[in-house]
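Here the protein sequences come in this chain order: A and B. Start counting the first sequence at 3; every next residue gets the next number (this note's numbering). Start counting the second sequence at 4; every next residue gets the next number (this note's numbering).
To be clear, the hints were calculated from the coordinates, so they are not data collected in a lab. Owing to the predicted nature of the structure, the values given are computational and were not obtained by experimental measurement. Worth double-checking, as some hints may not be accurate.
Stated by the list, open to error - Partner residues are not named here, just some residues of chain A that face chain B (Cβ under 8 Å, in silico):
no. : residue
1   : ASP22
2   : PHE25
3   : TYR29
4   : ARG38
5   : LEU41
6   : GLY45
7   : PHE58
8   : LEU59
9   : ILE128
10  : ILE129
11  : VAL132
12  : ASP151
13  : GLU159
14  : ALA161
15  : VAL162
16  : LEU182
Claimed, not checked - Have a look at the derived ranges for each label pair, beta carbon to beta carbon:
no. : chain 1 : residue 1 : chain 2 : residue 2 : range
17  : A       : PRO70     : B       : ALA109    : 40 to 48 Å
18  : A       : HIS66     : B       : LEU31     : 46 to 54 Å
19  : A       : SER173    : B       : ALA62     : 42 to 50 Å
20  : B       : LEU113    : A       : THR170    : 57 to 65 Å
Note that beta-carbon positions come from the ideal geometry of N, C-alpha and C, so glycine has one too.
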Amino acid sequence: MTPTIPSDAELVKLMSAGDDCAFATLYRRHQGFVYRFALLMSGSSNIAEEVTQEVFLILIRRPHGFDPARGPLLAYLYGVTRNHVLTFLKRERPYVPLVNESENGISPAPFTAEDDPFGNCTRNEIIKLVRQAVLTLPLRYREVVVLCDFHEMSYAEAAVVLDCAIGTINSRLHRGHALLLKKLRAAGAVDSATPDSQVMRCFA
Amino acid sequence: MNCDEFELIVLALARNQLMDARVHDRRLAHADSCARCAGRLASERFLAAGTAAVVAQIAAEAAPVRVEAALLAAFHEHVRATAARTAMPGPIKVNNWSFWRPAAVAALLLIVISTMAVFWSSSNSLNQGNEELTGLYVPVDLPVPGVAAIEDRVESAYPLANSDQQDRRQQRVSRRKSNQAEVVSAFYPLMEGEDLDSSEIAQVVRVELPASALGVAGVSLGADISTVPVKADVALGYDGLARAVRFVR
Numbered sequence: 003m004t005p006t007i008p009s010d011a012e013l014v015k016l017m018s019a020g021d022d023c024a025f026a027t028l029y030r031r032h033q034g035f036v037y038r039f040a041l042l043m044s045g046s047s048n049i050a051e052e053v054t055q056e057v058f059l060i061l062i063r064r065p066h067g068f069d070p071a072r073g074p075l076l077a078y079l080y081g082v083t084r085n086h087v088l089t090f091l092k093r094e095r096p097y098v099p100l101v102n103e104s105e106n107g108i109s110p111a112p113f114t115a116e117d118d119p120f121g122n123c124t125r126n127e128i129i130k131l132v133r134q135a136v137l138t139l140p141l142r143y144r145e146v147v148v149l150c151d152f153h154e155m156s157y158a159e160a161a162v163v164l165d166c167a168i169g170t171i172n173s174r175l176h177r178g179h180a181l182l183l184k185k186l187r188a189a190g191a192v193d194s195a196t197p198d199s200q201v202m203r204c205f206a
Numbered sequence: 004m005n006c007d008e009f010e011l012i013v014l015a016l017a018r019n020q021l022m023d024a025r026v027h028d029r030r031l032a033h034a035d036s037c038a039r040c041a042g043r044l045a046s047e048r049f050l051a052a053g054t055a056a057v058v059a060q061i062a063a064e065a066a067p068v069r070v071e072a073a074l075l076a077a078f079h080e081h082v083r084a085t086a087a088r089t090a091m092p093g094p095i096k097v098n099n100w101s102f103w104r105p106a107a108v109a110a111l112l113l114i115v116i117s118t119m120a121v122f123w124s125s126s127n128s129l130n131q132g133n134e135e136l137t138g139l140y141v142p143v144d145l146p147v148p149g150v151a152a153i154e155d156r157v158e159s160a161y162p163l164a165n166s167d168q169q170d171r172r173q174q175r176v177s178r179r180k181s182n183q184a185e186v187v188s189a190f191y192p193l194m195e196g197e198d199l200d201s202s203e204i205a206q207v208v209r210v211e212l213p214a215s216a217l218g219v220a221g222v223s224l225g226a227d228i229s230t231v232p233v234k235a236d237v238a239l240g241y242d243g244l245a246r247a248v249r250f251v252r
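Based on the sequences and whatever the hints tell you, model everything.
Here you go:
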C-alpha cells in the first residue's frame, strides 16, 4: 500500500491550521519554480532569493488568498512572484544599468561577437547569450517567454498567471521570439542568413 | 499548406511536440519546399535548444537553505501570533463602520430615552411639589397669619438653584406630608421686640428638646412633664441666631 501524496489544496488547509510540516512540504515542492522564475525574470540571484521569501511569507500570512477554484497553487505562486519581481525591478531600476529594452531588438549588447558572426558558439556561450537576451526583452514579452519556454507552461496556464487572454499570450510569445532571435542574430549566435518572420511568405 | 498555416504549428514542430503524424509530415514537407519557413523552423529550433539548455543549466538552482529556515521561523511566529489573537480579543477596528453603526444607534436611543425620562420626571416632580407646597401651607392651625408668611419666606429663602436643593426640598416636603397629622403652633419670637414679618429667616430646624428648656421662651410647664421631649421648629436668621420657635404636637 503506497502512501497518498497530499494535494496542494490539502496542504494549504493543513498549513492554515498551523501544521509546519505541511508548509515545509509546500515550500520544498514549489520553491524551485518560484526561485527560477524570479531568477530568469530579474537575472539576479539576490532578487530571486528575496522574492522567493516574500512569496512564501504571503502564503503564510494570507493562505486564503489562494483559491483552488481559480487554478493550481503553482499558478497562484507564479502570479505573486511576477508581481514581486516587477516591484523589485521598478525599485532597482534607478540604480541598475539595465540593458536596452527597445522593441526593435537592436541593442548595443555587450555580448556581440564580431569575430564569430556565424554563431560558432559553445554551449555555455549560447546559454549565456540566451539568458542575456531574455533579460533585454520588455517585461510583457519576457514574462510570457519565461513562463511558456522556460517553465513549459501552456498558453492557458500562462493566461491564468498573467491574468490575460490566451490570444494575448500567443501574440506576445511570437513577438518575444522574434525579438529574441533578432538579439541573438545581432550577437552572432544565429546565422544571419536565417529569415525572420517579417520577410516574404509563400502562399502556396 | 501555406506559410500562415505553417506559422501556427512552427513552435510545436520546433519543440517536437506530439501531433498527428500526417499533419507533421505535411508541415515538414512545406518547410522543405519553402526556404523562408525552413529558416523559420531552424530559428525556432535554435531557440528551443537554447532555452532547453538554459533550463537544464538552472534546473538545480533553488533558494538557499537559509530562506527555508527563515520562513519556518516566520511560520512558527505567525502560528503563535494567531493563537494569541484567538485567545485574546483583538483591538477594536475604529475604522470599521459596521462595528460603529449599531453602537451609534444604541447611543442615540439611550440619549433620547434619557432625555425623555429627565423631562418627564422633572415636570412631574415640579407639579407634584407645587401641589404639595400649596397643600402644605394651607393654614391648619396658624393662629397668627404672619407666621405663615415667615414660613413661606423661610422655605423660599434659597432659590431652587440646582437639583440638589430641589431634591432636599422635595424630601422635606414629603416628610412633612407624612407628618400632616401633626399640629404646629404659631412662631414665637425669642427676642423681645423682634418683628417676625420683617426678620430675615434663613432656616427652620426641627429640634427635640426637654420641656424644661421651654422656659427660655417664657413657657413654664409643670415639673412632672419637664423631662418629656417636646418637638419644636426653630427659625434661624442668617447670623445663625434663633429668631423664633414654634411647637409641634
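Consistency of the hints with the structure:
1. A distance limit of 8 Å between C-beta atoms decides the matter here; for ASP22 of chain A the minimum to chain B is near 6 Å, and the interface restraint holds.
2. Restraint check, PHE25 of chain A versus chain B: the minimum CB separation of about 5 Å is within 8 Å; hint holds.
3. Contact between TYR29 of chain A and chain B, as hinted, is supported at the beta carbon level, the nearest pair being about 6 Å apart and thus within 8 Å.
4. Interface restraint check: ARG38 of chain A against chain B, minimum CB-CB distance 6 Å, threshold 8 Å, status holds.
5. The beta carbon of LEU41 of chain A is positioned within 8 Å of a beta carbon in chain B (closest approach about 6 Å), and the interface hint is therefore held.
6. The interface hint given for GLY45 of chain A is violated, since its Cβ lies 11 Å from the closest Cβ of chain B, which is over the 8 Å cut-off.
7. Hint status for PHE58 of chain A: holds, given a least beta-carbon distance of 5 Å to chain B, under 8 Å.
8. A hinted interface residue such as LEU59 of chain A counts as satisfied when its beta carbon comes closer than 8 Å to some beta carbon of chain B; here the least separation is about 6 Å, so the hint holds.
9. A least Cβ separation of about 5 Å between ILE128 of chain A and chain B falls short of the 8 Å threshold, and the interface hint therefore holds.
10. At a threshold of 8 Å, the smallest CB-CB gap from ILE129 of chain A to chain B is about 5 Å, leaving the interface hint in force.
11. Interface hint status for VAL132 of chain A: upheld, as the beta-carbon distance to the closest one in chain B is roughly 4 Å, under 8 Å.
12. Checking ASP151 of chain A against chain B by beta carbon gives a least distance of about 4 Å; that is within 8 Å, so the hint holds.
13. The criterion of a C-beta within 8 Å of any C-beta in chain B is not met by GLU159 of chain A, whose closest approach is roughly 15 Å, and the hint is violated.
14. At its closest, the beta carbon of ALA161 of chain A sits 16 Å from a beta carbon of chain B; the interface hint therefore is violated under the 8 Å criterion.
15. Because the beta carbon of VAL162 of chain A sits about 19 Å from the nearest beta carbon in chain B, more than 8 Å, this interface hint is broken.
16. Because the smallest distance between the Cβ of LEU182 of chain A and any Cβ of chain B comes to about 6 Å, under 8 Å, the interface hint for this residue holds.
17. The hinted window of 40 to 48 Å between PRO70 of chain A and ALA109 of chain B holds, with their beta carbons roughly 41 Å apart.
18. Remark: the range hint 46 to 54 Å for HIS66 of chain A to LEU31 of chain B is upheld by a beta-carbon distance near 50 Å.
19. Between SER173 of chain A and ALA62 of chain B the Cβ separation comes to about 29 Å, which falls outside the hinted range of 42 to 50 Å.
20. In this structure the supplied range 57 to 65 Å holds for LEU113 of chain B paired with THR170 of chain A, their Cβ-Cβ distance being about 59 Å.
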